[in-house]
Amino acid sequence: MKQHALLEKAAPEVVLAPAVRPTPALAALGDRAFRWLTALAALLVPAVILAIGLDLFLTSYPALAKFGPGFLLSQEWNPVTQEFGAASSIYGTVMSTLIAMALALPLSLAIALFLVELAPPRVSQVVGTMIELLAAIPSIIYGMWGLFVFAPLMATYVQPFLKKYLGFLPLFSGPPLGIGMLTAGVILAIMILPFMSAVARDVFALVPNVVKESAYGLGATTWEVTYKVTIPYGLVGLLGAMFLGLGRALGETMAVTFVIGNAHRISFSLFAPGNTIASTLANEFSEATEPLYVSSLVALGLVLYLVTFLVQVVSQWLLRRMYRSWSVGL
Amino acid sequence: MVKILACLCATLLTVSSVAAQVTINGAGASFPYPLYSQWAHKYNQVTGTKINYQSIGSGGGIAQIKAKTVDFGGTDEPLTPEDLDNSGLIQFPTVMGGVVPIINVEGIKTRELKLDGITLAHIFLGLVNKWDDPAIKKLNPDLKLPSQAITVAHRTDGSGTTFIFTSYLAAVSPEWKNKVGAGKAVKWPAENSIGGKGNEGVAGQVKAVKGAIGYVEYAYALQNKIPYAQLMNRAGKYVAPSIETFQAAAANADWTKAPKGFSLSLIDQPGDNSWPIVGATYILMHKEQPDAAKGKEILKFFDWAFKQGSQMAKDLHYVPMPEKVVKMVEDSWKEVKSGGKPLWP
Amino acid sequence: MRYRPPTGRKLVNWVVSGGAAASALVGIVFLVWITWEVLYRGITALNWDFFTHLPTPPGVPGGGMANAIVGTLVLTAAATAASVPLGLLAGIYLAEFAEESRLGDLSRFSANVLMGLPSIIVGVFAYALVVLPLGNFCGYAGVVALAVIMLPVVTRTTEDMLRLVPNTLREAALALGAPRWRVTLAVVFRAAKSGLITGILLAVARVSGETAPLLFTALNSPFWFHSLAEPTPNLTVTIFNYAMSPYHDWQQKAWGASFLITFGVLWITIVTRVMLRERKG
Chain V
49 MKQHALLEKA APEVVLAPAV RPTPALAALG DRAFRWLTAL AALLVPAVIL AIGLDLFLTS
109 YPALAKFGPG FLLSQEWNPV TQEFGAASSI YGTVMSTLIA MALALPLSLA IALFLVELAP
169 PRVSQVVGTM IELLAAIPSI IYGMWGLFVF APLMATYVQP FLKKYLGFLP LFSGPPLGIG
229 MLTAGVILAI MILPFMSAVA RDVFALVPNV VKESAYGLGA TTWEVTYKVT IPYGLVGLLG
289 AMFLGLGRAL GETMAVTFVI GNAHRISFSL FAPGNTIAST LANEFSEATE PLYVSSLVAL
349 GLVLYLVTFL VQVVSQWLLR RMYRSWSVGL
Chain W
11 MVKILACLCA TLLTVSSVAA QVTINGAGAS FPYPLYSQWA HKYNQVTGTK INYQSIGSGG
71 GIAQIKAKTV DFGGTDEPLT PEDLDNSGLI QFPTVMGGVV PIINVEGIKT RELKLDGITL
131 AHIFLGLVNK WDDPAIKKLN PDLKLPSQAI TVAHRTDGSG TTFIFTSYLA AVSPEWKNKV
191 GAGKAVKWPA ENSIGGKGNE GVAGQVKAVK GAIGYVEYAY ALQNKIPYAQ LMNRAGKYVA
251 PSIETFQAAA ANADWTKAPK GFSLSLIDQP GDNSWPIVGA TYILMHKEQP DAAKGKEILK
311 FFDWAFKQGS QMAKDLHYVP MPEKVVKMVE DSWKEVKSGG KPLWP
Chain H
2 MRYRPPTGRK LVNWVVSGGA AASALVGIVF LVWITWEVLY RGITALNWDF FTHLPTPPGV
62 PGGGMANAIV GTLVLTAAAT AASVPLGLLA GIYLAEFAEE SRLGDLSRFS ANVLMGLPSI
122 IVGVFAYALV VLPLGNFCGY AGVVALAVIM LPVVTRTTED MLRLVPNTLR EAALALGAPR
182 WRVTLAVVFR AAKSGLITGI LLAVARVSGE TAPLLFTALN SPFWFHSLAE PTPNLTVTIF
242 NYAMSPYHDW QQKAWGASFL ITFGVLWITI VTRVMLRERK G
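Chains as they are written, first to last, in the numbering used here: chain V, 49 to 378; chain W, 11 to 355; chain H, 2 to 282.
If you are wondering where the hints come from, they were derived from the structure by calculation, not from laboratory data.
Keep in mind that this is a model prediction, so the values were computed, not measured.
Do not rely on the hints blindly, as some may be mistaken.
Capping the alpha-carbon separation at 35 Å, the derived lysine-lysine pairs in DSBU-like fashion look like this [what the hints assert, rightly or not]:
id	chain 1	residue 1	chain 2	residue 2
1	W	K347	W	K267
2	W	K220	V	K211
3	W	K154	V	K211
In silico contact screen, one side only, chain W against chain V (beta carbon under 10 Å); selected entries [unchecked claim]:
id	residue
4	T166
5	A218
6	G221
Beyond 12 Å from chain H on every Cβ pair, some chain V residues (computed) [claimed, not checked]:
id	residue
7	Q123
8	E131
9	A184
10	L210
11	P218
12	L254
13	E272
14	S317
15	L367
16	S373
The C-beta atom is built at its ideal place from N, Cα and C for all residues, glycine as well.
Just chain V, same shape as in the assembly (with noise of 0.2 Å):
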């Protein structure tokens, strides 16, 4: 019915007078145009992410000339010995990624399998549409957030309790200041959430009934066909969506900016303040004008440049993979 809608709205508005209409040879030669001109355009989608990647490396060459691969282990940043290694950078953008991940992947599995297989249609409806606007507030709202609601609660409530029963393990120890690395990995958590039950929940939702229901008319429960069957049978698609997720931990920058506490240093407490390379690109950039030092700010932007392309090309070829297989049928 939709299509015959449709028709009636625009098919009138294509009766050309025949004075206007173009010989063929032109309407070829205005056909092809059409397609090069739209080809180019597709083009240019591939084209920018070569031209990032370059623009960052040759921006970055100077400094890469300069420290070398010692640039990736060195722990010094010191802008005023125009002394830069990546080392803290990193460390801290892989340690709040592993914290988001580690909270995230079995909460966006659980929202999935509310969504799909345990609440009525229109319950999920609407706590999927909940789920999937947590996507839509900006970072930096998650930043103002977390610096002066949630940190807070970290410092009174939260870190006092980890520390007084986990407190023997180095990863909670210290001063529980509210700001550093764990709250940031929390938010990051809030924050990839939604990315990745929105997959999960696709993965759930396209496995076909005929396998589930053989394994429910089996006698198994729920979660016995989730964790038997669903699962493994949608294993790249939840490896796509963690991939997803992954990639979104590893650029987030300015809710980890507000609340990570800006120090170029490597401490194995998740009490601790550090930095992330985003964080520490979203802090200096500004106010660096040397060119060695923009030069290495840069350098770090090329690594995370590397990190998340590598993760995104992974996690589309597994999801394209997924939908594919199941867009043919089984």
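Position chains W and H against the provided structure of chain V, taking the given hints into account.
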């Protein structure tokens, strides 16, 4: 949607075609920012000239003026005469101010805590890392100090305030001098340390983190009602920061002996009433101004600030430059030229 | 399946189901919590001055963010104007000409990757491309960064929306002798109009809350927007600077601006969702 866009584009065009008033862009030290921003606000009301001063730290200020991306730069670490000559810059002081240790310790009100230079250095070295450490207790027998870890808040950007503060620590503690030294940015040795951007950032961090200690220009402590500590000065007396104690320290300065560019240390001055961490803040300008009108406007602004802005400076507890020094400064402006013609007077 | 007494299995199932529901609740709690804090703290900071006045130095009462509001609108509009035509063209190619082509695959794949690249990287790119050669921070660099972020969003939604247009419509128009470009622009576009607008709105929502790509491109300014060749005032960088300051009145204003941004973006997002749902039926 299209209409909205069209409207926006139309406003965009009209706004940009309105003839511009003069806008002067400056950037640098955050130390004098509370004052410069108020001066600029008032000056704009009086004359219509816009002075846009961004607080990005002294390191940024020096770099930006050298790169000519701003019309003037601000720094609290004066450049050397050679450096000034090499870059074709002139440098002059605008005001003096004090750097104060600010704290966030439960139950301790402003001016209650007393520290001496060595203990302050040991705190920033990480050797004294709890508020009830014997070293602090000894100086404060009457205070009830909590057994809380000390978190050191410092600047992440290249900062003149850091230069003034670390110069003081280096002057009073040989250990600090050998291990860390003085500079616009140093490698902070304390285990528990957090970084903030600008004086604003450090003040914000200290406000937010319990058990924190940091260092900021006095106006930041005042404007934000952050508790600060008393310090023992060179004469062995405890003093609290105030315009009087800053003035007492500044009174020792002999500006006539200052080299070109007016660089002068006001750290750890003698006198019973002298606050030990005082410094001047400076403006950097190119001697050769590409735009005569702009260059003239900058000088007019600072002339106005010297003559009309003293009370505003005092209100924020900055020490205005003595009249004699203002005269010396304005004499040095003769070097500022555009196309060979001096812009002042 | 091995036989196990049903009670244990049922218990596990109950626990897992409860855990799943609780997880969904966790997500909702955070959404409500964050929006509530922004609403409650932000709305008290808004007044007439906020929308009509320039910012004042800390401690000077009054003042607003009128310049930043205008600046954000200008930056977003300019980025939209730059990215939408290109995105539409690329989307046309993907939907109309490249169902099974290599270039189509590459472009589609790249668009997905580009959408996932951190926005701060795009900011660094714009910095190296525009700010470094020009020697100063300027609005144009911000526009470039935002446009790069919008491009893949517009491209992909255009493709999706054009694909929803039934082929019979194209065939009917082609049979009337209209050239392909004419068919696409006059017929397919018309049929997909609301969907395309949805896609553009989505892209606008995506960039209007962006901060990271503006930090060192458009920078910020306390004065009226005057030209894209200069540092351009904008709401998000102002929020960052004000929030990080120790001044109570500035932090208040940052909450006010957060309120504007959050509810602006949420509103656009919800509107587009409703539009999408209507389309997809």
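For each hint, the structure was consulted:
Restraint check for K347(W) and K267(W): satisfied, since their Cα atoms lie roughly 25 Å apart, inside the 35 Å limit. A C-alpha spacing of about 16 Å is found between K220(W) and K211(V), which places the hinted pair at or below 35 Å, so the restraint holds. Between the alpha carbons of K154(W) and K211(V) the distance comes to roughly 25 Å, so the proposed pair stays at or under 35 Å and holds. Proximity of T166(W) to chain V holds as hinted, the smallest CB-CB distance being about 5 Å (cut-off 10 Å).
Interface restraint check for A218(W): the shortest CB-CB distance to chain V comes to about 7 Å, inside 10 Å, so the restraint holds. With a least beta-carbon distance of about 6 Å to chain V, the hint placing G221(W) at the interface is held under the 10 Å criterion. Once the 12 Å rule is applied to beta carbons, Q123(V) is consistent with being away from chain H; the minimum gap is 22 Å. Annotated as non-interface, E131(V) keeps its C-beta farther than 12 Å from every C-beta of chain H; the closest such distance is 21 Å.
The Cβ of A184(V) does not lie farther than 12 Å from every Cβ of chain H; its closest approach is about 4 Å, which violates its non-interface assignment. The claim that L210(V) is not at the interface with chain H holds, since no C-beta of that chain comes within 12 Å of its own (minimum 18 Å). Taking the minimum C-beta to C-beta distance to chain H, about 28 Å, the non-interface status of P218(V) holds against the 12 Å cut. The beta carbon of L254(V) sits about 17 Å from the closest Cβ of chain H, which is more than 12 Å, so the claim that it is off the interface holds.
For E272(V), the requirement that its beta carbon stay farther than 12 Å from each beta carbon of chain H is not met, with the minimum near 7 Å. Once the 12 Å rule is applied to beta carbons, S317(V) is consistent with being away from chain H; the minimum gap is 24 Å. Not every Cβ of chain H is farther than 12 Å from the Cβ of L367(V); the closest lies at roughly 8 Å, contradicting the non-interface assignment. Listed as outside the interface, S373(V) is consistent with that label: its C-beta sits roughly 16 Å from the nearest C-beta of chain H, beyond the 12 Å cut-off.
Checked against the numbered hints given earlier, the structure breaks hints 9, 13, 15 and satisfies all the rest.
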